[in-house]
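S.K.: Sequence:
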Amino acid sequence: MKIAMIGFEGFTDVDLFMPWDLFYRVKDPTYAAFDGEWEVRICADRPRFASYSGLAIDRHEPLSWAEDADAVFIVSGPGSRLKIKDPAFLSSFRLDPSRQLIAAIDSGVLILAALGLLEGLSATTYPSVFAELEAMGVRTERRPLVIHGNVATGGGCLATQDLAAWIVERLIGPQAAAQIVDSVAKVG
1 MKIAMIGFEG FTDVDLFMPW DLFYRVKDPT YAAFDGEWEV RICADRPRFA SYSGLAIDRH
61 EPLSWAEDAD AVFIVSGPGS RLKIKDPAFL SSFRLDPSRQ LIAAIDSGVL ILAALGLLEG
121 LSATTYPSVF AELEAMGVRT ERRPLVIHGN VATGGGCLAT QDLAAWIVER LIGPQAAAQI
181 VDSVAKVG
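Going by the working numbering, 155 is the number at position 155 of the sequence shown; the sequence numbering is gapless.
Derived from the structure by calculation, the hints contain no laboratory data.
Please note that the accuracy of each hint is not assured.
Said to hold, decoys possible - Using 30 Å as the maximum straight-line C-alpha spacing, the simulated DSSO-like pairs for lysine-lysine come out as follows: (1) LYS85 x LYS186; (2) LYS2 x LYS27; (3) LYS85 x LYS2.
Input sequences plus hints: build the corresponding full structure.
M.R.: Next up, the structure:
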C-alpha cells in the first residue's frame with residue numbers, strides 16, 4: 001500500500017510530522033507490527049520546502065506520485081492559501097476518491113475544495129479557516145472529523161491522529177488503527 005503525504009512551502013509542522021510518525025508506527029514491531037507492503041512518501045512541488053516555522057525538509061517524490069497512492073493525506077499551513085491560487089500546483093496531480101482514500105487537515109481542506117473534491121460535500125477545518133472554506137462554496141461542520149465515503153476532513157491540529165487512524169483502519173483494519181493511536185495517547 002502506498003500513502004502520499006502532500007506538503008508545500010509554509011506547511012504546519014505538527015500536521016505533517018504527527019501523521020508521518022503515526023504512519024511509521026504501522027510497520028514498527030513495537031506498535032502495529034504490520035508485515036504487509038506499506039510505503040509512505042512525502043510529496044511536494046519542489047525538491048526542498050520549509051514549514052511556516054522555518055524547518056526545511058526534502059520531498060521524497062513529486063506530487064504526481066500521489067496519483068497512484070492508495071491514500072493521500074494533505075497537510076495544512078499558511079502556505080495553503082498560495083497553493084489554492086497556483087494553477088501549476090493544482091494541475092500537477094489528480095486525485096480520485098472512487099479508488100483512493102483522501103484526507104486533509106485544517107487549511108489543507110482548502111486544497112481539496114480547490115481541486116473540486118468537496119463539491120456537494122460538507123467539511124470541517126481549523127476554526128479560523130471556516131469562513132474561507134464557506135466562501136469556496138463548501139458547507140462546513142464544526143466538529144473534529146467529517147467523512148463522506150473516501151473523503152475525510154479534520155478540524156484542529158490534533159485531528160491529524162483521527163485522519164491517520166481513519167486511513168490505517170480503512171487500509172489495514174481497526175486493530176492497527178487503535179494501536180497507533182494508543183501509542184501516542186496521554187497516560188491516564
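S.K.: Does each hint fit the structure? Answer for all of them.
M.R.: Each hint, compared with the structure:
1. Restraint check for LYS85 and LYS186: the C-alpha separation of about 39 Å exceeds 30 Å, so the hint is violated.
2. Taking the CA atoms of LYS2 and LYS27, the gap is about 13 Å. The hint holds against a cut of 30 Å.
3. Among the hinted pairs, LYS85 with LYS2 is consistent with the structure: their alpha-carbon atoms are about 28 Å apart, no more than 30 Å.
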